[in-house]
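S.K.: Go ahead and model the full structure; you've got the sequences and the hints to work with.
Residue-level listing of the chains:
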Amino acid sequence: MSSIPGTLVTPKQVADRRAQAPHTSMFARMLLRAAVLRRRRAASALLAMIVAAAVATAMMNLYVDVQAKLRTEFRNYGANIVIVLKEGQTLPDDALAKVESLLGAKTLAVPFSYAVARVKGGQSVVVVGTDFARARQLNHWWKVSHWPSAPNEALIGMRAAAVVNPKAGPDRQPFELTFQGKAIELAPAGMLQTGAGEDSRIYLDQSEFQNWTGVAPSTIEVAANGTAAEVEASIRQVAQILPAADVRPVRQIMEGEANVLNKTRATLYASATLVVLTSALCVLATLIGWVFDRRRDFAIMKALGASEHLINGFFAAEAAALGVVGAILGFFVGIGVAALIGRVNFHAPVVPRFSVFPYVLAGSVAVALISAVLPIGLLRRVQPAIILRGE
Amino acid sequence: MFPRIVYESFRRQARRKLLAGIAITLGVTVATAMIAVATDIGDKINRELRSYGANLVITPQEDTLDVEVGGINLKPPSDGAFLNESDLPKIRGTFWHHNIVGFSPMLPVTVKLGSGSGARDVTLLGTYFNKALSFGKDDFTTGVRITDPWWKVSCGDGKESAKCGWPADDSQNVLLGERLATKVNEKAGDTIEIAGRRLTISGIISTGDAEDDQIVAPLALAQQILGKPGAVRRVYVSAMTKPPDALSVRDPKTMTPEVYDRWYCSPYVESIAYQLQEVIPHSHAEQIRQVAQNEGTVLSRIKGLMLLITFAALFASALAVSAAMATAIYERRVEVGLMKALGAGSLAVSAIFFAEALLLALAGGIAGFSAGALLAHQIGQSIFNSQISIEPVLFPIIIAIAVFVTFAGSAAAIRRAVKFDPVFALRGEG
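Protein chains in written order, with my numbering: chain A, 1 to 391; chain B, 1 to 430.
If you are wondering where the hints come from, they were derived from the structure by calculation, not from laboratory data.
Bear in mind that the values here come from a model prediction, so they are computed numbers and not experimental data.
For glycine and all other residues, C-beta sits at the position ideal for the given N, C-alpha and C.
A couple of the hints might just be wrong.
As the list claims (entries may be wrong) - Think about it this way: if two alpha-carbon atoms lie no more than 25 angstroms apart in a straight line, the pair counts; the simulated DSS-like pairs of lysine-lysine are:
id, chain 1, residue 1, chain 2, residue 2
1, B, LYS137, B, LYS163
2, A, LYS69, A, LYS86
3, B, LYS163, B, LYS187
4, B, LYS90, B, LYS137
5, B, LYS90, B, LYS303
6, A, LYS182, A, LYS120
7, B, LYS137, A, LYS69
8, A, LYS106, A, LYS143
9, A, LYS69, A, LYS106
10, B, LYS228, B, LYS90
11, B, LYS163, B, LYS152
12, B, LYS112, B, LYS187
13, A, LYS86, B, LYS187
14, B, LYS90, B, LYS242
15, B, LYS112, B, LYS183
16, A, LYS86, B, LYS152
17, A, LYS143, B, LYS242
18, B, LYS187, B, LYS152
19, B, LYS112, A, LYS86
20, A, LYS143, B, LYS253
21, A, LYS69, B, LYS253
22, B, LYS112, B, LYS303
23, B, LYS303, B, LYS242
24, A, LYS86, B, LYS183
Claimed, not checked - Here are some chain A residues the structure puts well away from chain B; computed CB gaps all over 10 angstroms:
id, residue
25, ALA28
26, ALA266
27, ALA316
28, ALA317
M.R.: Here it is, written out as structure tokens:
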């Protein structure tokens, strides 16, 4: 509002210029000047706000996303749905494709067919036909020395190896199996070790197995992603399109997963609550200090005749502005932190969830308002003169 | 003079000191609880992971091949080798017996169900349900109810009732698999003829696996039917293990004695298998890779997550304590001005503030540690139904952290307060 020296300025001109200038209300100007004049204290209050909002955002993001991440980890345990043919029925040829298209791209369905064949010595051994590429993806825990790649190569279970080739060793001698009088010559590709029933079996490629035995797949193992409710819905859907089969959950896997996930979620929830509360406390401590610090502004305003209403409004607006700015900046920092934690711990980024923003915003503004209103309530009882005298 | 100033400061400004003290206490509470939970979470989740079932299996060394398709065993029943039931309690005598949650012996027997032309071949699985055993002075119970918690027994008509349930381990009652029960149209309370004996069905069992097509019976009954007292085909062992690392997968035969000792004394699934083999004669113990290999990943993910969240909690509580201290000191500039006007040096003034901060940190640290221990205890009880123990060694660490954070939080504020011109401070400006 400075006048240009050397020119005569009439009061009317001043009034005109002021009317033409962009209109900023006294209220907004006070807010702005308060922030600019006490940048250091304002910056430290804002920093506390940003940290709190960032921590809250990161926690909420993690809380939602970690469960999905852990579910993916749990799929390493293998199939959670198993489809078994009812007696005397055959699976339609496109059953596998139907299941996979029904349950979405992330679902893995692996066919298995079983037959009991005899080795040369006359001993029985279970032979399984499967799709090696899919089985490998589904059963991460299979310890396989070498996966079959050439035709007529078989995967031999650790214990079956002793029967097939009594002179057990690395010599990959071909061996013969007979099923209902039909013989087949197979070359061992590698050894399979799982510690369970698979160790006693011999695995063959599905089409070779079917050409030899004529036995079609009788079991499909499915690893379906999703929550317990989603998996149960998947089971119902699959049962509808495959009436010839019995579709059931693998209870061992589903219940184990539910158990661990519930406990982890509860722990995460408790920790997230604690962390968010602590950061709210941090904001409270900083902001109360900030407002106390400005009791002089408060006293001057009061001495100049500001109403209590206005002063409350002024400090509330200031706190709300701080809350909003802090929440916005903190939200982006928090998303970064959550992504970092996801990358470090799960080797996959945490997807930013903008749906948590309203909560962070509301929480920040609420905490800021509380911490502004508390000291005002205390100061209101004090005479402005006492504050201005510095007592 | 110095102690008096500090004492008077606490006496006269009790309210302000209380506020700073509360901030420190809350910060330390959260830090203690989070550290306690994070250090114990591995053990807790490990226990929860046991709900996936056994991760080790013991078989006879000279076992013949299993010929089993869809839960039906095609192997002649008396074929192959057996383990001796009387050796089983020795599992509690292994080095890591505290880590062994439970074990269940299994003896599958092929039996005729029904009589005459309607008879069918089914597998009868003999096992422990909740068998009381003792090893030395150590009494314990074990069985499928511990190792396979997803096995459910019902009455068959969907209703729960007192008259059906798990049979006693010394009874002649059996459980009928869910699908088998539907096929033969029997329910709990009925009697059926199994291998020429009339036995009572005490419940219908649902496992979601091969047992749904089988009969599950007490081990002693299966041994009687088979005519081999004391025989066990295999034993499933559920043990809490350490995730695999570079040492765990090495062959014990090629290790140097020190490495071997370290390997032997770590609860790797491999070393527990090795120790089981040592105590059970003529046995071969192996990990069930589906369970054993995956729990390590899940465990390390959850532990890593909690560690990162603990860092976030420590960071947030450090900030809260710093903010509270900074505020408390900033308010006392007039006091500083007065002291300096009376001739106190910066060092003397700083010393007073740091002494006050130290006292606050100690008081807040002790209160916060106790509150944090209580909080961790509550979390353990409500989430895991078990204690979260606080290591006593944590106490000095927590106190040290509390003092350090309080000092660090006060340092900047103290420096500013000391540098402030006493004239301005006393006039109440700035």
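S.K.: Next step is simple, just say for each hint if it's right about the structure.
M.R.: We went through each hint and held it up to the structure:
no., hint, in the structure
1, B:LYS137 to B:LYS163, "35 angstroms, violated"
2, A:LYS69 to A:LYS86, "35 angstroms, violated"
3, B:LYS163 to B:LYS187, "12 angstroms, holds"
4, B:LYS90 to B:LYS137, "12 angstroms, holds"
5, B:LYS90 to B:LYS303, "33 angstroms, violated"
6, A:LYS182 to A:LYS120, "12 angstroms, holds"
7, B:LYS137 to A:LYS69, "45 angstroms, violated"
8, A:LYS106 to A:LYS143, "24 angstroms, holds"
9, A:LYS69 to A:LYS106, "14 angstroms, holds"
10, B:LYS228 to B:LYS90, "21 angstroms, holds"
11, B:LYS163 to B:LYS152, "15 angstroms, holds"
12, B:LYS112 to B:LYS187, "18 angstroms, holds"
13, A:LYS86 to B:LYS187, "22 angstroms, holds"
14, B:LYS90 to B:LYS242, "22 angstroms, holds"
15, B:LYS112 to B:LYS183, "15 angstroms, holds"
16, A:LYS86 to B:LYS152, "23 angstroms, holds"
17, A:LYS143 to B:LYS242, "19 angstroms, holds"
18, B:LYS187 to B:LYS152, "15 angstroms, holds"
19, B:LYS112 to A:LYS86, "22 angstroms, holds"
20, A:LYS143 to B:LYS253, "21 angstroms, holds"
21, A:LYS69 to B:LYS253, "39 angstroms, violated"
22, B:LYS112 to B:LYS303, "50 angstroms, violated"
23, B:LYS303 to B:LYS242, "12 angstroms, holds"
24, A:LYS86 to B:LYS183, "12 angstroms, holds"
25, ALA28, "26 angstroms, holds"
26, ALA266, "4 angstroms, violated"
27, ALA316, "20 angstroms, holds"
28, ALA317, "22 angstroms, holds"
Of the hints listed earlier, those the structure fails to meet are numbers 1, 2, 5, 7, 21, 22 and 26, in rising order.
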